[in-house]
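Enquirer: Residue strings, one per chain:
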Amino acid sequence: MTEALTTAQTLSLMGAGFVNALTPLNLLAMAASVTLGIVIGCLPGLSAAMGVALLLPMTFTMEPATGLIVLGGIYCGAIFGGSISAILIHTPGTPASAATALDGYQLTLQGKAGKALATACVSSFFGGLLSCISLYFFAPALAKLAMKFASPENFWLSIFGLTIIAGVSSKSLLKGLMSGALGLILSTIGMDPMEGVKRFQFGQVALYDGINTTCALIGLFSMSQVLILAEKKIKERGNVVAVKDRMMLTWAEFKLITPTILRSWIIGNIIGILPGAGASIACFMGYNEAYRFSKHKEDFGHGSIEGVAGSEAANNAVTGGSLIPMLTLGIPGESVTAVLMGGLIIQGLQPGPELFTRYAPMTYTFFAGFVLIQFFMLAIGLIGSKGFAHISRLSDAILIPCVTVLCVVGSFAIRKNFVDVVLMLIFGMLGYLVRKFDLNPAAIVLALILGPIGERGLRRSLLLSGGNPAILFSTPLCWALIILSVIGIMSPMLMNRLEKKSVVPESPQGDVDNRTEAEVSE
Amino acid sequence: MKKSDICVVAFMYGVCALFFSMTLKLKPAAQIYPKFVISLLAVLTTLYVIKMVMDAKKYGVQNGFDEVFAGFQAQQFFKVVVMILAFVVMLKVFGFYIAAAVFMLITLYLLKVPKLHNIIATVVIIAIVYFAFTEFLGVRLPKGMFF
Amino acid sequence: MKKFFALMLVLLLAMCLMVGCGEKEQEVDENAEWAPTSPVTVIVAYKAGSGTDNTARVLTTYAEKYVGQSLVIENLEGGSGSIGWTALVNAEADGYTIGFVNLPTYFSNIAQGGVDYTAESIVPICNHVNETSVILVAADSPFNTLEELVTYAQANPGVLKASTNGNQASNHIGAQLFASTAGFEYTAIPYGGTADQLLALRQGEVDFSSAKFADFASFTSEVKVLGVMATERMADHPEIPTLGELGYYDQWYGSARCIVAPAGTPQNVIDFYEAAFKAAMEDADYLAAATTASVTTDYMDAEALAGLLAAQNTFAMETVTALFPAE
Numbered sequence: 001m002t003e004a005l006t007t008a009q010t011l012s013l014m015g016a017g018f019v020n021a022l023t024p025l026n027l028l029a030m031a032a033s034v035t036l037g038i039v040i041g042c043l044p045g046l047s048a049a050m051g052v053a054l055l056l057p058m059t060f061t062m063e064p065a066t067g068l069i070v071l072g073g074i075y076c077g078a079i080f081g082g083s084i085s086a087i088l089i090h091t092p093g094t095p096a097s098a099a100t101a102l103d104g105y106q107l108t109l110q111g112k113a114g115k116a117l118a119t120a121c122v123s124s125f126f127g128g129l130l131s132c133i134s135l136y137f138f139a140p141a142l143a144k145l146a147m148k149f150a151s152p153e154n155f156w157l158s159i160f161g162l163t164i165i166a167g168v169s170s171k172s173l174l175k176g177l178m179s180g181a182l183g184l185i186l187s188t189i190g191m192d193p194m195e196g197v198k199r200f201q202f203g204q205v206a207l208y209d210g211i212n213t214t215c216a217l218i219g220l221f222s223m224s225q226v227l228i229l230a231e232k233k234i235k236e237r238g239n240v241v242a243v244k245d246r247m248m249l250t251w252a253e254f255k256l257i258t259p260t261i262l263r264s265w266i267i268g269n270i271i272g273i274l275p276g277a278g279a280s281i282a283c284f285m286g287y288n289e290a291y292r293f294s295k296h297k298e299d300f301g302h303g304s305i306e307g308v309a310g311s312e313a314a315n316n317a318v319t320g321g322s323l324i325p326m327l328t329l330g331i332p333g334e335s336v337t338a339v340l341m342g343g344l345i346i347q348g349l350q351p352g353p354e355l356f357t358r359y360a361p362m363t364y365t366f367f368a369g370f371v372l373i374q375f376f377m378l379a380i381g382l383i384g385s386k387g388f389a390h391i392s393r394l395s396d397a398i399l400i401p402c403v404t405v406l407c408v409v410g411s412f413a414i415r416k417n418f419v420d421v422v423l424m425l426i427f428g429m430l431g432y433l434v435r436k437f438d439l440n441p442a443a444i445v446l447a448l449i450l451g452p453i454g455e456r457g458l459r460r461s462l463l464l465s466g467g468n469p470a471i472l473f474s475t476p477l478c479w480a481l482i483i484l485s486v487i488g489i490m491s492p493m494l495m496n497r498l499e500k501k502s503v504v505p506e507s508p509q510g511d512v513d514n515r516t517e518a519e520v521s522e
Numbered sequence: 001m002k003k004s005d006i007c008v009v010a011f012m013y014g015v016c017a018l019f020f021s022m023t024l025k026l027k028p029a030a031q032i033y034p035k036f037v038i039s040l041l042a043v044l045t046t047l048y049v050i051k052m053v054m055d056a057k058k059y060g061v062q063n064g065f066d067e068v069f070a071g072f073q074a075q076q077f078f079k080v081v082v083m084i085l086a087f088v089v090m091l092k093v094f095g096f097y098i099a100a101a102v103f104m105l106i107t108l109y110l111l112k113v114p115k116l117h118n119i120i121a122t123v124v125i126i127a128i129v130y131f132a133f134t135e136f137l138g139v140r141l142p143k144g145m146f147f
Numbered sequence: 001m002k003k004f005f006a007l008m009l010v011l012l013l014a015m016c017l018m019v020g021c022g023e024k025e026q027e028v029d030e031n032a033e034w035a036p037t038s039p040v041t042v043i044v045a046y047k048a049g050s051g052t053d054n055t056a057r058v059l060t061t062y063a064e065k066y067v068g069q070s071l072v073i074e075n076l077e078g079g080s081g082s083i084g085w086t087a088l089v090n091a092e093a094d095g096y097t098i099g100f101v102n103l104p105t106y107f108s109n110i111a112q113g114g115v116d117y118t119a120e121s122i123v124p125i126c127n128h129v130n131e132t133s134v135i136l137v138a139a140d141s142p143f144n145t146l147e148e149l150v151t152y153a154q155a156n157p158g159v160l161k162a163s164t165n166g167n168q169a170s171n172h173i174g175a176q177l178f179a180s181t182a183g184f185e186y187t188a189i190p191y192g193g194t195a196d197q198l199l200a201l202r203q204g205e206v207d208f209s210s211a212k213f214a215d216f217a218s219f220t221s222e223v224k225v226l227g228v229m230a231t232e233r234m235a236d237h238p239e240i241p242t243l244g245e246l247g248y249y250d251q252w253y254g255s256a257r258c259i260v261a262p263a264g265t266p267q268n269v270i271d272f273y274e275a276a277f278k279a280a281m282e283d284a285d286y287l288a289a290a291t292t293a294s295v296t297t298d299y300m301d302a303e304a305l306a307g308l309l310a311a312q313n314t315f316a317m318e319t320v321t322a323l324f325p326a327e
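Residue numbers (my numbering), protein chains in the order written: chain A, 1 to 522; chain B, 1 to 147; chain C, 1 to 327.
The shape of chain A in the complex, shown without the other chains (with noise of 0.2 Å):
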């Protein structure tokens, strides 16, 4: 058993895995990696997991860490490529994006594509690079903490998770709420995960295990987008693209989406490291923050770059930090971690201290790779950003017919099942009238992903208590969330009442207490 190294010996390993990670071969590697990467994640329907799943077979025959380093830099570009299309033609090109697509949509059709785009990419940066910062220094702690997470916690960290339906309720509290039940009613479908019961299946072995979020997801936020399009009139937007726009953001807005980028990057850092979660709740976790904490507010739902940041911070925060859990104690935080390890106990390492002692020249090599594919993704991103602007050019009815197919592919490759074409289809449908009638498809996303968490948290620990709910308030760790989802529900009315004293208010983001629908402006 080798002992733990000190300080001057891991400092040094550091330091060394820098050296090793930049041969011509390895670079060569981040570059080809990341904009595959990239590719995969703008194409809806493609997901990083897949992408890295694929190309498993293919790092056999490398070293260990160039094999890793292909894998993290086709994840980290994927995560990064979904804002690509979420931005473009509000179609979330991964689940991770799906908040990048509210407000970066919008950007779009003010003629920044391009602002938002290069938002986008240099939050991702920032995102991935600080969780570096967490896989270096912070791993044993945070490891530590993803431990920490058992049945009460998760079933909390879920309602924490359903207050961002709150936050993100721009019109009205009570719809949004309703989407959300309704969303949490969905995810009910499936087997019952404690009775092994079938559930509200309607005879379709496919929906045995639920609703296939990434199917939902389409279906909600880019087949909608397809109907919204053909209803009204064609747009040909060649002349759109505005005078200001340009691919580089201005110090100023730099120094704007700053915190918002620090708050991501936290944020998350620890939905990363926690089993289940995963990047589609941390843009929204994001998204929300940097609304709660913005001097701006009023942009958020018409284009704001803090809503773009936040969401995209906090997606590739997540690649950083999933990878805490998965390498120290072999638990993989979500599907891409998941394949990962699959790739290193098949090289024969098995996750653990000894990634750490015995093979920690590898590890830190990388690590060190992964530090280097941010740099990777910054640069071909801003690149491929120009290009990427110029379909946000495109006519609204070339992207109708466009938009439908890739969603129909897109859905279908997930299980390669025809049954999730059809419901990408219905929930294209529900989507389009969700959006027409002032309901929030947001909401029902986040309930479907976070409501079997819940479900399964709430039911596990009733089980495990023998009925008696006290279990559920029994960590300090569920008081922290408890206290967390409090705060997370009061807030938009705290901080509407705290506006309305200092200002006259014109907030778009309707009140509930005070103001009625009639009042607030469309």
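Worth flagging that the hints you see were computed from the coordinates, not collected in a lab.
Incorrect hints may have been included.
FRET-style restraints, in silico, Cβ to Cβ [said to hold, decoys possible]: (1) A/L22 / C/P39: 32 to 40 Å; (2) B/L116 / C/T37: 39 to 47 Å; (3) B/Y13 / A/M490: 22 to 30 Å; (4) C/A35 / B/L18: 52 to 60 Å.
Positions of the beta carbon are idealized from the N, C-alpha and C atoms, including for glycine.
Since chain A is already given, all that's left is putting chains B and C on it; use the hints.
Expert: Just chains B and C now, kept in the frame of chain A:
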């Protein structure tokens, strides 16, 4: 209040009723959680109804439908919907490539896109799907009668 | 208008011709030596990164040179394997689709009903992996031997909690076999899979669990193995008693992963794969890789596998259904 919101409320209650009737067929232990979320939706919907009634008293009744469907291009919309449904059916019968090509060409034509753009877009999309999904991912797209 | 439709028709025909030439009809001559001439799909009914997927990938990487074509793994997860296995049994029986089947799960799914495949839907090729189930507790558990656990459990019925990988899934069956033969009651807590189940054990949420060695190879220091469900002690772990020694379940129980083809696949195809995989499992490179990846290879030829499948079928229909009385 808006008349269009009556539709929202009716839909939500409908969902509750549907799922509730299905819940009763499950075994008792498995009914608890579904009943919980269904009642959650029912309660929230009822709160909304109360709010609607209160608003109606304060501000009168508006017809929300004209806002919801402002600028609605009915012909265009339904043409697109019909094409999408046809695409999915064709997918099963003819396989992906034929269905996609036919769908794209016809839809773009119906939306009055210039012929050249029409063809380019179709070719580009099919190429993207081919390279990304069939070559790279090896996803076996639905095969119909021909291929 | 006319011109446009004419153009479309031509394009359509052109596309038919172009792409229609792609897929060849796979005809199999039953009497000749057979070998695949294009890539073969291997269906794995669990997601990428899972235990089954990992062991499958280790084998297919080294088996490719014996098969002569690339073996493309297709992950079709969901429904405790049902989705993948349904696709497998419905695939063309032309030798270009084979798959991994997990035992006893394949048969316990059938016993529980609601699946579209039966014991006759598959043709055995060979067995790949055999893993024995063990009973384990957390490293800091107050129980150091199986008897201590049983004594406590008998005195406190229902108090002890065991995590499982799903309701009536393989590790639940293992725990149930242990408890029913040792005569105690416990509470089974289902989790989403083996990784989650073992995480709960490490976190101290539950008291014991049934799993296989490969499942906790990454964190052996965090758990204690109290017993193995085999007929004799394991060569690698001679200090761990078998359940049978202590008077509990005395048969072998564990999971096997075997390679099968859809029913109707011709015999020469089966023979080819049987030989190819046998060679792969004796390949030195494969064996080295398998050891580092904790894969316990246990080759069984098609006939022996057929026997195992039949035994598992009986096991599922009789023993398993008796373990879980219908409510």
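Enquirer: None of the hints should be skipped; say for each whether it holds.
Expert: Going through the hints against the structure:
At roughly 37 Å, the beta-carbon separation of A/L22 and C/P39 lies within the given 32 to 40 Å, and the hint holds. In this structure the supplied range 39 to 47 Å holds for B/L116 paired with C/T37, their Cβ-Cβ distance being about 41 Å. Judged by the Cβ atoms, the range 22 to 30 Å given for B/Y13 and A/M490 holds: they are separated by roughly 29 Å. Distance hint check: the CB atoms of C/A35 and B/L18 are about 54 Å apart, consistent with the given range 52 to 60 Å.
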